[in-house]
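Trainee: Sequence:
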Amino acid sequence: MRIFTKLLVLHLTTCVIAIKNNNLKIKRNISDCEFLNKLLQKESLLQEESSNCCSLENVICVDGRITKLNMKNSNITGSIPKEIGNLVNLESLELQNNDISGSIPKEIKNLNNLKTLNLSYNKITGSIPQEIENLTNLESLNLSYNNITGSIPKEIENLANLKTLNLSYNNITGSIPDEIGYLSNLESLDLSNNNLTGPVSPFLNKLAELNYINLENNQLTNSITIDEIKEFRKKSIRNRAIISLSSLFIVLIIFVLIIYCCNKKILKKYKKQQYV
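All the letters of the sequence shown, read from the start, carry residue numbers 4 to 279 under the numbering used here.
Simulated from the structure, these hints should not be mistaken for laboratory data.
Do not rely on the hints blindly, as some may be mistaken.
SDA-like mimics (lysine to any residue), calculated; alpha carbons at most 25 Å apart, straight line [claimed, not checked]:
1) 85 x 97
2) 75 x 157
3) 166 x 81
4) 71 x 137
5) 126 x 94
6) 209 x 150
7) 118 x 202
8) 85 x 59
9) 112 x 130
10) 126 x 184
11) 112 x 124
12) 118 x 148
13) 109 x 81
14) 71 x 61
15) 112 x 220
16) 118 x 200
17) 166 x 150
18) 157 x 177
19) 126 x 102
20) 112 x 190
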């Protein structure tokens, strides 16, 4: 009887935990769907044929949470809802070629898993939020063809995994921050057709993986091409090689001198012993 009671309690406990987990999954799904409701300006996606927003076209979910959202060319209007901060599992957000206006919400800081962010070809205004520094897994950032103003935030240096950065065709002002030079994985950089001023940061020469750069149609006092960056990298490699060889040569000379001195002392001692 006791064994039966224990098994019954264990079964009931398992059922309760399963129900709680399922309810939590539903709540999280509703939280994610709330963003889509407001983005698409619909009262409730859950009232439609789809039982939840994960069943919608161009929406990919894992365990009830949105991980990929591709709604390019969807005639979306209005601003990006602050509920975007609910999508904590989101890895890819593509909203290009719409009619989205307003600024990028600060709540974007919650998207720690985001790898791709494409908001190009919209009517987004305001500046790039400093909170973008939280997107440490971001690999591709495309905000081109908008009406973004302000300067490029220095916090961009925290995007250590960034490979593609496209901020072209905006109204971005100020200088190119040195911090971009710390994006060691950057392969493509396009800051063309803005209102950037001042000299081109010499730190761009540090971008070892860079194979494309476009800084045209700005108000910069100098320019730089990908060929110049590659040539700088070659010179740096040659200089490091020369320094390494020089250091090795010096160490070798010191080693030879030490051996020579040791041998000289041994020979001197040997001669003294012979005289004795």
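Trainee: So, for every hint listed, does it hold in this structure?
Mentor: Here is how each hint holds up against the structure:
no.: 1; hint: 85 x 97; verdict: holds (16 Å)
no.: 2; hint: 75 x 157; verdict: violated (29 Å)
no.: 3; hint: 166 x 81; verdict: violated (29 Å)
no.: 4; hint: 71 x 137; verdict: holds (19 Å)
no.: 5; hint: 126 x 94; verdict: holds (23 Å)
no.: 6; hint: 209 x 150; verdict: violated (30 Å)
no.: 7; hint: 118 x 202; verdict: violated (31 Å)
no.: 8; hint: 85 x 59; verdict: holds (21 Å)
no.: 9; hint: 112 x 130; verdict: holds (15 Å)
no.: 10; hint: 126 x 184; verdict: violated (29 Å)
no.: 11; hint: 112 x 124; verdict: holds (22 Å)
no.: 12; hint: 118 x 148; verdict: holds (20 Å)
no.: 13; hint: 109 x 81; verdict: holds (17 Å)
no.: 14; hint: 71 x 61; verdict: holds (8 Å)
no.: 15; hint: 112 x 220; verdict: violated (31 Å)
no.: 16; hint: 118 x 200; verdict: violated (30 Å)
no.: 17; hint: 166 x 150; verdict: holds (23 Å)
no.: 18; hint: 157 x 177; verdict: holds (11 Å)
no.: 19; hint: 126 x 102; verdict: holds (6 Å)
no.: 20; hint: 112 x 190; verdict: holds (24 Å)
Checked against the numbered hints above, the structure violates hints 2, 3, 6, 7, 10, 15 and 16; every other hint is satisfied.
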